[in-house]
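*Asks:* Sequence:
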Amino acid sequence: MDAFLTSTTTVALAEMGDKTQLLSLLLAARFRNKPAIIAGILLATLLNHAASAWLGTWLAHWLNSHWFDWLLAASFIVLGLWLLIPDKDEDVSHRFDHLGAFLVATVLFFLAEIGDKTQLATVLLGAQFSDLLWVTLGTTLGMLIANVPVVYMGDHLLKRLPMRSLHLAASALFIGVGLWVLLQASI
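Heads up: the sequence shown runs through residues 25 to 211, numbered per the numbering used here.
In short, the hints are calculated from the structure, not lab data.
There could be a bad hint or two in this list.
Pairwise CB distance ranges, derived in the manner of DEER restraints [to be verified]:
| id | residue 1 | residue 2 | range |
| --- | --- | --- | --- |
| 1 | L79 | A209 | 18 to 24 Å |
| 2 | S189 | D26 | 23 to 29 Å |
| 3 | I169 | L71 | 14 to 20 Å |
| 4 | G200 | M25 | 16 to 22 Å |
| 5 | L203 | K58 | 37 to 43 Å |
Quantities reported herein were computed from a predicted structural model and do not represent experimental measurements.
Note that CB positions come from ideal geometry on N, CA and C, so glycine has one too.
Make a model of the complete structure from these sequences and hints.
*Replies:* The structure is reproduced here in structure tokens:
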């Protein structure tokens, strides 16, 4: 259950103000079919994060050594520091809008997650917990917690949330997890 709760919390916080959250806002402005957007986000996240959690689990099994614990701890700390750097908006083409909200949301969200902070966090969480199912479900729920309200409440919600405070909280959480892993490796 630690894998699920930690994964949900860290990704929900890390996603605040992230480029994929801004993509959710863009998709909500483009398409009326909000349930289709959410279904696309869900499918893209499940596919992306299952592969990421699997990679993390695989790495933990193959690189199981004292050095791996130190590398994992350092990665969490670096990711926590990376969260302090705001994402930049990217222009998204309208040429595929005719394919519908579900397909456009699925493809764009999947592509936007490649190399994103939350994908890297999922790899690290998979490595830390070696639990593909609970890490995937937790990180996916975290993405939905952060993105579903944006799809329905959009710009109004983003203007009211204290983004800097949320980024600091997410950063502190990742650095805290890194320090905890470091402490466990030292014992």
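*Asks:* Evaluate each hint against the coordinates.
*Replies:* We went through each hint and held it up to the structure:
Distance hint for L79 and A209: a CB-CB separation of about 21 Å, consistent with the stated range 18 to 24 Å. Take S189 and D26: their Cβ atoms lie about 25 Å apart, and the range 23 to 29 Å holds. The hint said 14 to 20 Å for the Cβ distance between I169 and L71, and at roughly 19 Å that hint holds. Take G200 and M25: their Cβ atoms lie about 19 Å apart, and the range 16 to 22 Å holds.
With their beta carbons about 39 Å apart, L203 and K58 fall inside the hinted range of 37 to 43 Å.
The structure agrees with every numbered hint stated previously.
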